[in-house]
Amino acid sequence: MAVTSPARLLTTRQLWRRRGTKAAPYAFIAPFFVMFAAFGLFPLVYTGYVSLHRVRLQNPDAMSWVGLDNYTTLLQDEFFWNSLKNTFTIGVISTVPQLCLALGLAHLLNYRLRGRTFFRVAVLLPYATSVAAATLVFAGLFGRDYGMLNWFLGLIGIDPVDWFNEKWPSQIAVSTIVTWRWTGYNALIYLAAMQAISYDRYEAAMLDGANRWQQFRHVTLPGLRPTIVFTIIVSTIGALQIFGEPLLLQGGTTGMNGGASRQYQTTGLYMYQTGWQYFSLGKAAAIAWLMFLIIALVVGVNAAIVRYRLKRAAALTAAKPGKG
Amino acid sequence: MRTPPGRHRALAVLCAAVLAGSALAGCGSDDDKGGDSGSPDAPGQITLTVGLFGSFGYEEAGLYKEYEALHPNIKIKQNATQKEEVYWPALQTRLGGGGDLDDIQGIEVGRIVDVVNNQADKWLDLNTLGAQTQTQEYLSWKAKAATTADGKSLALGTDVGPMAICYRSDLFQQAGLPTGRDELAQKWSTWEGYLDVGRQFAAKAPKGSSYMDSVTGMYNAMIGQQQTFYYDASGKLIYDTNPAVRSAFDLSAKAAQDGLSAKLVQFQTDWDQAFAKGGFATISCPSWMIGYIKEKAGDATKGKWDVAAAPGATGNWGGSYLAIPKGAKHAKEAYELLQWLTAKEQQVKLFERRGSFPSRTTAISQVAATTDPYFNGAPIGQIFSQAAQKMPVQTLGVRDNDVKVAIQNALNAVEAQGVKPDDAWKDAKASVKAALG
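These protein sequences, in sequence, are chains E and L.
All the letters of the first sequence, read from the start, carry residue numbers 14 to 337 under our numbering.
All the letters of the second sequence, read from the start, carry residue numbers 3 to 439 under our numbering.
For reference, chain L alone in the conformation it holds in the complex (with noise of 0.2 Å):
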């Protein structure tokens, strides 16, 4: 009222411009994902979305760099989603759409059933670009996981997970405990003598600092040793029934209660700053989870962290894929770049440079003599190499990740919040339930 007409005018003449500028923006985004592949390039050149989600690290180890050296005429762009359990349902809505999907995308393994069993139709059969002569040069079940009943490759293995135990010799110093990887290994050669170090610890351990970082990581080394966990060979759930599931729940809620856990909730934000301040000792360690300690953890651990053979000295815990969704936009070149991303000798670089292991046998042979000066010299080509020789072939379960889940928020109670753990197996059992009804 008391305002000059003018600004009234002006007010309104900058809403309808703020109005427009974000209706503009909102209609721009949407092509902003994937533009480039959709927008002719120059003549000739083709530029390749890859869609990936944690840490493939194939931008950081420079492969796309090198590819694109070796290929003048591809560009190659990335579109990475931080976390897996959002990257994979955006991506369902496209493949039901049809529309805006990358050339190459990555797969789980714990989702690799649910694509060969219900949506074969909705990937490339890589066969038909020329993938039967690089199946049989990788470890068996992984190919063979990725392959429909009718022969159909979907999919090329990137990695795989051989599990050991990474640790910070400092915090075991300054606790009393014995350094030495290989004194280590032999004293936690068994899950319960894990738990025995641990108690040690926890007696005189460093202030701020508990054993391992959540019971979900050693329970999922623990599932990850055996052949048959959430379903048998018929494709049965049989999770609740069978003995090794129960009692790697069992043991787990164990040493939550015994207070070995510094119980945080893993790929959560207080637990990569726990990787640099020291919140725990030990992490169950898939040989992927050697890059993750790297950049979480930083320059300031360097040489005080340590690699030693895992309870059992084998396992195997997530590694993935990569396929070509159909709908892709260059299918032939894509197949180029995925093979080569695959290949063996990538899968060598990405294991001296990020730990990721690689699953073509004929990589596995070369990795061997691998050590790594971050984790004081380890010998981390012979522990993970160890560990993927006595790998258990296991029998993978349409919805693996559902139960995982479950019972990793059931584990997550035991420790975080005190629930019992009887109670915390019933929630864990309705909550699958409520998934698979």
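Same shape as in the complex, but just chain E (with noise of 0.2 Å):
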């Protein structure tokens, strides 16, 4: 009662200027949440509706009806799996080498180097080329019978690989590509991260007698663990969502195979088959629902890990309070 008395003491006018000011706060943030209403949400919530309807794209208006049908059909689909299978593997070979390689070549840039910022742009140009136009050249230089790679291995002896035809070398050639847009741009996040950690902990390293191999490990990698897990977490997300470099490795329906025997049909490129060849709206949304909650639950379980470490890290420098 005490706080609503004095505001009946207020003028209409103050009264709106007040409701003014509390609401401008959610004026302004309100273009976010009408963008992600429209372009976010909405397109989820009806993902989720068409996945349970029979929906052909020549008319999409027609729906009917059929329950979960679209959902117990995957489940039982061999394809499905088999793409699900085909992402985990592509993902792990892209992402591993990746971030490692991000790491060393973060680490590279953190030295004082001439025309260092030349490398730092360099580094991310990659990642500013298109999915197409990188992976048409890479299918290029990949290609069984007048490819470069098959070329040069010649040249040292080696017998032709089959980059598309292969299950492995075809996973190997998709991944090198993921690898090499992303690299450049994780090697930057690292980066920045790098030159927050402060310089006097270096400088007692030094004094310790640590050398660059010693500062590296004891250093750099603990600043950089909460960046390395914003990275891993990232890069898990989009490694679950490969499906441009897939789809033009080889181009055409094949390409929509992910290979003559969808060796290399990731879960991403599944879907882009079932809905945009096989024209079935409703099982293609079906695909992207799983595949939301696949990604939620492999980021959760990500998740719960790190919060588990840091919280036996911190148990740990508690019960040594002597070594910090």
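Hint data in this document are derived by calculation from the structure and do not stem from the laboratory.
Be aware that a few hints might be false.
[To be verified] DSBU-like, lysine-lysine: derived pairs with alpha carbons at most 30 Å apart: (1) E:K98 x L:K85; (2) E:K98 x L:K279; (3) L:K406 x L:K146.
Quick one: dock chain against chain with the hints and give me the complex.
Here you go:
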């Protein structure tokens, strides 16, 4: 009561003004939420709605309710499971080397180099290239009969590799394109985090007689831990969505199939094939939702592990107070 | 921190400029496509847009220029997508959304039943614009396939794909084989005969050359000789019980296992390059492939290619239609252009210049004497006309394309990955199930 009584004394104008000041922050952030609702939330929910129907691309208005049929079909679909397996293996062989390379690259870029800015911009260039353009060039390099890579292997006496048709080479080819595009981006994120590490720590380490490698292990890496966690989560999400590179490696209907026997068909690509080659929008929407759930699950597990490790690390430092 | 504040501001301004620029570019590109038709042209001026896939060859054969000269008030703009499997889904979304359609759109024969059965409400009935008189000139099955049960003509045919074999006589000579087109046609009067010649070629093949590009070409040629393949006349899916399909698959798989294939995927970069580099000596050659070979193989192999009748001396593979979507901005003018492009005279020109074989009987009778210097003076008019005369009237199905793609992938897996034919066939069946389910 005591709170409301002064308000009664205010004029209407003052009341409006007060409301205005209160509402202003909401108004300022509203554009984001309006955009998010229109282009993020609505498609998400609508995709869920579509996934419960049988819809064909030729007549998207003609929807017939099928309940969870699309989901049960998918869970029994060998190609869906195959695509999950491929997504996982391609994800591992692209993300792990990518982040290791990025870390090394960032460490080098952190030195006082001549033309440092040039190198820092240069590593970001692949990221600015379009997936399509990069993939088409790589597809040319990986060509079996007339590709440059096999020509080069031939020079040193290695038999040509069929980078499209053999399972592991084709997955490595896809991963190479992903790694090429994203390494520089991650390197710059690491570099930014490295520069935030106080120089005093390095100085202290040097005084203790630590060499460069020891400095990297005991000063740089611990300082980067939150950043590394961030890049791992972002790269994992990216890896689960890999799609353009496998689609365009061979291109055409073979590309949509992820190779003649789906040897590198990722889940994103299977979703595309289901929607845009088979024209089954309902089933494609169901794949999209399953992908969303899987990504949420993987990121959740990721975060849980990180929290557990941080807790344990905190407990360890608390147990050994002398070490800090 | 060490950078002076001025530089930060400059950087911020630059970033903002780049962002704004890309945002504008993003908006701008929307109107680029077909923008000409949306904006009013000079008074009386009309820009017609033509949306096509692959190479219809109208632009290359100079037909648009010819039409523009005849109709000074018309400008023609072509929006071409190279791959049909990219073109068609994109067109579907625009048909569904009702926007940004071209005045004339190409339709591949593998999609025509879907259009006639399921999309008749999205395309103009060309009969209302005067097409009745036109359809009578066509090969009857070509016109019938584009006609709905209640008699609407949704599209007019461009070309059909009578089959032959195109081969490299220089590579044949190096392998010690005869090079005469009549002698070869006789040797491979059956598909078994074609494989026999292949085994002889493989025994003495020049380095880097295989007998055929991909067994999928041979498979499609064999299917093109059947009246019934994936669907029966009642529209039931029968590909997995149709002995003709299975035997075409088995013989193609055998060719792959005998090492007669260069293991390429058709319409992929490696395949394109192999035309010029002599990666293969023969290819199953629907007439539209004539133009494709000239384009990809280039001048270096001029006169080294030749054409002989295919095993069975007939078959049909591919061929297209032109249609006008509802929502086209200039339907009447579009129909005039469409009719002109598919008219007898233009079909004849297109065969002479590009090798696309006419679908009007009136035009077919005029091309019989055509020869092609690029193909060592081969009488392509005579060879393809004879193939067209024996062409079966095919039963087309609503999802033919999906079945075809699944089987092609399976055959590619046999030739390039060494998958066992039986396993590949099972995979193809599973793919068809996933596609149609």
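We went through each hint and held it up to the structure:
1. E:K98 x L:K85: Roughly 29 Å between the alpha carbons, so the hint for K98 (chain E) and K85 (chain L) holds.
2. E:K98 x L:K279: violated, 38 Å
3. L:K406 x L:K146: With Cα atoms ~22 Å apart, K406 (chain L) and K146 (chain L) stay inside 30 Å; holds.
Of the numbered hints listed earlier, the single one contradicted by the structure is hint 2.
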